Amino acid sequence: VPKILLIEDDASVREAFEIALRHLGHDVLVRAEGETGIAAVREHAPDVVVLDVMLPGIDGFETCRRLRTFSAVPIVMLTARSDDLDVVAGLEAGADDYLAKPVQPRVLEAKLKAVLRRATPTTATPPIGPLAFGDVVLDRGSLVVTKGGKHLDLTPMELRLLLELAANAGLVLSRQQLLGSVWGLDYLGDSRLVDACVQRLRAKIEDVPAEPRLLRTVRGFGYRFGA
Amino acid sequence: MIRRPPGLQRRLLLGFVGVAVLTAAVTSMATIASFLVVANQHPIGANRVGRRIVAWLPTALPTRTVGVVLLAIGAALIAFAVFTAASIGERVLRPVGHLATAADRMAAGDLGARVEPGGDDEIAEVGRSFNLMADNLQSSVATLQQMEATSRRFAADVSHELRTPLAAMTAVTDVLSAHTAGMGVDAARATNLVVREIAHLDRLVNDLIEISRFDSGTAVLDAEVVNVRTAIETTLDLRGWRDHVRMEVPEGLTAPLDVRRFDVIMANLIGNAIKYGRPPCVVCASQAAEGLVVEVSDSGPGIAHDALSHLFDRFYKADAARARSDGSGLGLAIARENARLHAGDIEAENRPAGGATFRLTIPACGSVPRR
Numbered sequence: 100v101p102k103i104l105l106i107e108d109d110a111s112v113r114e115a116f117e118i119a120l121r122h123l124g125h126d127v128l129v130r131a132e133g134e135t136g137i138a139a140v141r142e143h144a145p146d147v148v149v150l151d152v153m154l155p156g157i158d159g160f161e162t163c164r165r166l167r168t169f170s171a172v173p174i175v176m177l178t179a180r181s182d183d184l185d186v187v188a189g190l191e192a193g194a195d196d197y198l199a200k201p202v203q204p205r206v207l208e209a210k211l212k213a214v215l216r217r218a219t220p221t222t223a224t225p226p227i228g229p230l231a232f233g234d235v236v237l238d239r240g241s242l243v244v245t246k247g248g249k250h251l252d253l254t255p256m257e258l259r260l261l262l263e264l265a266a267n268a269g270l271v272l273s274r275q276q277l278l279g280s281v282w283g284l285d286y287l288g289d290s291r292l293v294d295a296c297v298q299r300l301r302a303k304i305e306d307v308p309a310e311p312r313l314l315r316t317v318r319g320f321g322y323r324f325g326a
Numbered sequence: 015m016i017r018r019p020p021g022l023q024r025r026l027l028l029g030f031v032g033v034a035v036l037t038a039a040v041t042s043m044a045t046i047a048s049f050l051v052v053a054n055q056h057p058i059g060a061n062r063v064g065r066r067i068v069a070w071l072p073t074a075l076p077t078r079t080v081g082v083v084l085l086a087i088g089a090a091l092i093a094f095a096v097f098t099a100a101s102i103g104e105r106v107l108r109p110v111g112h113l114a115t116a117a118d119r120m121a122a123g124d125l126g127a128r129v130e131p132g133g134d135d136e137i138a139e140v141g142r143s144f145n146l147m148a149d150n151l152q153s154s155v156a157t158l159q160q161m162e163a164t165s166r167r168f169a170a171d172v173s174h175e176l177r178t179p180l181a182a183m184t185a186v187t188d189v190l191s192a193h194t195a196g197m198g199v200d201a202a203r204a205t206n207l208v209v210r211e212i213a214h215l216d217r218l219v220n221d222l223i224e225i226s227r228f229d230s231g232t233a234v235l236d237a238e239v240v241n242v243r244t245a246i247e248t249t250l251d252l253r254g255w256r257d258h259v260r261m262e263v264p265e266g267l268t269a270p271l272d273v274r275r276f277d278v279i280m281a282n283l284i285g286n287a288i289k290y291g292r293p294p295c296v297v298c299a300s301q302a303a304e305g306l307v308v309e310v311s312d313s314g315p316g317i318a319h320d321a322l323s324h325l326f327d328r329f330y331k332a333d334a335a336r337a338r339s340d341g342s343g344l345g346l347a348i349a350r351e352n353a354r355l356h357a358g359d360i361e362a363e364n365r366p367a368g369g370a371t372f373r374l375t376i377p378a379c380g381s382v383p384r385r
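Chains as they are written, first to last, in this note's numbering: chain A, 100 to 326; chain B, 15 to 385.
Hints listed in this document are in silico derivations from the structure and should not be mistaken for laboratory results.
As the structure is a computational prediction, the values presented were derived from the model and not from experiment.
Heads up, the beta-carbon is just placed ideally off N, CA and C, and yes, glycines get one too.
Do not rely on the hints blindly, as some may be mistaken.
To be verified - Selected chain A positions facing chain B (in silico; Cβ < 7 Å):
1. D109
2. F116
3. I118
4. A119
5. K200
6. R274
7. F320
8. G325
9. A326
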C-alpha cells in the first residue's frame, strides 16, 4: 500500500482528505506545516507527498525546494488559487504535478497513481550502450548520466525525459507528444509539466541553461535535442 | 473617426479668398483711377480724392515716375490684403483644427485629449467647453471602471474564500455516497442531494474563479501548433460524445492552439448543441482567409431572436422557465473569453434552414505560440 504524506494547514481540508484517501485504501500521514512535513519525509520515507501551497511558516514552494535537496519523492502541489503563476512556481520548485482545489477524490486518486507510476524506474529495457551529446554521456544500460565525466543527479522524470529526447535526437518533439510518451498523460495534460522539467534538465546538462545548446526550444512546435 | 466638416473649411476659405479678391479689386481700381488722374492731368468728375492727390503731388516729378510709384503702392496693398486674409483664415482655422484633432483622439478612446484655448473669442469658448466635457466624461468613466473592478475583485475574493470549505466537502462526497446503501430512505436521499449540490457548487465556484482570471488579466495562452481533428476528437472521446456528433474536419488541418482552452470552448459549444439542439450535431472546421473556422451546428429550434445578443452574457439563461440547469451559467462567457485569448471570437446565429450555428474563429497569426 503506497504511503501518502499530506501537508495541509486547514484542519477541515486535512481531515477530509485523510478520510477520503483512507477510504480509497491508502496509508495516510498528515502534517500541518512545512517543517514538520520535511521531518516526516526524512523519518517515514513516504511514496508520494501531497503539498499545499499556502502554509504558515515556510510556504509550499519553499518546502518543495527543501525536499528536493535530499529526496526525489514524487510531489503533487495543491494550489488553492488556481493561479497560473502558482502552478508554474510549484513546478519550478520541483513538484511533479499539481492539482487546483477543490479536488474531487477521484481526480486526486488518478493523479497520485499517475505520479507513482511515473516515479518507478522505466521497465522497458532501453537499448544498451552509451550515447554522447557534447560532453554529456548517457549510459542507457546503467541509466547513469555524466557531464564532463562528473555524475549528474537526475530525478526519475528528468531521466525519462532525457531518454526520450536522446532516442529521438535531431527531431522536433511537441510538448503534447512528450506528455504522452514520457508522462503517460492524455492529450490534454498540462504542457507546462514538460516546460518545467525541460528547465530543470537544462539546469543540469547545459553549460549555460539560459542559452541551451543541447535541448533547444523550437518556438511554437516543441523541443529538439542534439549536439 | 470624426472628420473636420469639409463644408466649413471650404466656406471659410472661399470667404477669405473673396475678401482678399474684393480688397485687391478696390485697391487696384483706386490705383488705376489715381494713375488716370495723374496721366491725364485732368480731375475726373467730382473725385475729391483724385483732386487732392493731384494737389499733393510735387509738380516737379515726372508723370511717369508718379505712375510707377502709385502702381508699386497698389501692388503692395494687394499683397498686404492677401496676406492679412490668409493669416486671419489661418488663425481661425488652426483652433478648429486642434478641436477636430482632440475630438478624433477622444473618439479613438484617448479620454485625456484636451485643447489649449487661446484668447477669449468664440472658438476659445468652444475649446473650454470641450475641455470641461472631456473632464467630466473622463472622471465618470474612471468611476465606472473602478466600480466594475471592485465588484469583479469581490466576486473573485468570494470564490477563493469558498474554495477551502468546498475542498473539504468535495473530498468526502465519495465516502458519503459509498455508504448510502446502509442508510434509511430519507437519510440516503438527503445524502444524495447534498453530494449532488456540492458538485454543482464546485462547478460554479470553479467557473467563477476561471472567469475572474480573465477579468484580472492573469489568464495566459499556452499555444502550440496542433492537429485540429485530433484536438476535437479528444474533446469528444473524453466525454463519450463520438456517436452524437458528425465531424467534417480535414485530416491534416493544423492551427496554433492552447489545447486545454480549445477543449473548454469545444466542450461548451458541442455540449450545448447536444443538450439544447436536436441531432444531428455537426462540427465543421476549415482554414479560411481569416484563420481557423470551426462551426458547431445543431438541428434544433434555433435561438430566440432576443436571446441571440445575450447568449454570451454571464448567468444568462435563454429560457427563463429553465430556472436552474446543471451548468454554472458561465459556460458561453468562458468559451468566448478563451476564444478572445486566442485573438479570435465566437458568434452565434440561426441558419435560414433552421437550427443554430456557433462559429469559432481563430486568426492564424493572432495566437502566436509563446514560450
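Residue hint F320 of chain A, partner chain B, criterion CB-CB below 7 Å:
holds, 6 Å
Was the hint right that G325 of chain A lines chain B, CB cutoff 7 Å?
violated, 19 Å
Identify whether the interface hint at I118 of chain A stands, where standing means a beta carbon of chain B within less than 7 Å of its own.
holds, 6 Å
Report holds or violated for the interface hint on K200 of chain A, using the least CB-CB distance to chain B and a cut-off of 7 Å.
holds, 4 Å
Regarding the hint that R274 of chain A lies at the interface with chain B, is the smallest CB-CB distance below 7 Å?
Because about 6 Å separates R274 of chain A from the closest Cβ in chain B, which is inside the 7 Å limit, the hint holds.
Identify whether the interface hint at A119 of chain A stands, where standing means a beta carbon of chain B within less than 7 Å of its own.
holds, 5 Å
With chain B as the partner, please determine if A326 of chain A meets the hint condition of a C-beta pair closer than 7 Å.
Because about 22 Å separates A326 of chain A from the closest Cβ in chain B, which is outside the 7 Å limit, the hint is violated.
Hint check, F116 of chain A versus chain B [nearest Cβ-Cβ separation less than 7 Å]
Given a least distance of 5 Å, the restraint on F116 of chain A holds.
Proposed interface contact between D109 of chain A and chain B, which counts if any beta carbon pair is under 7 Å:
Constraint on D109 of chain A satisfied, holds at 6 Å.
Going down the numbered hints, you'll see the structure goes against 8 and 9, while the others check out.
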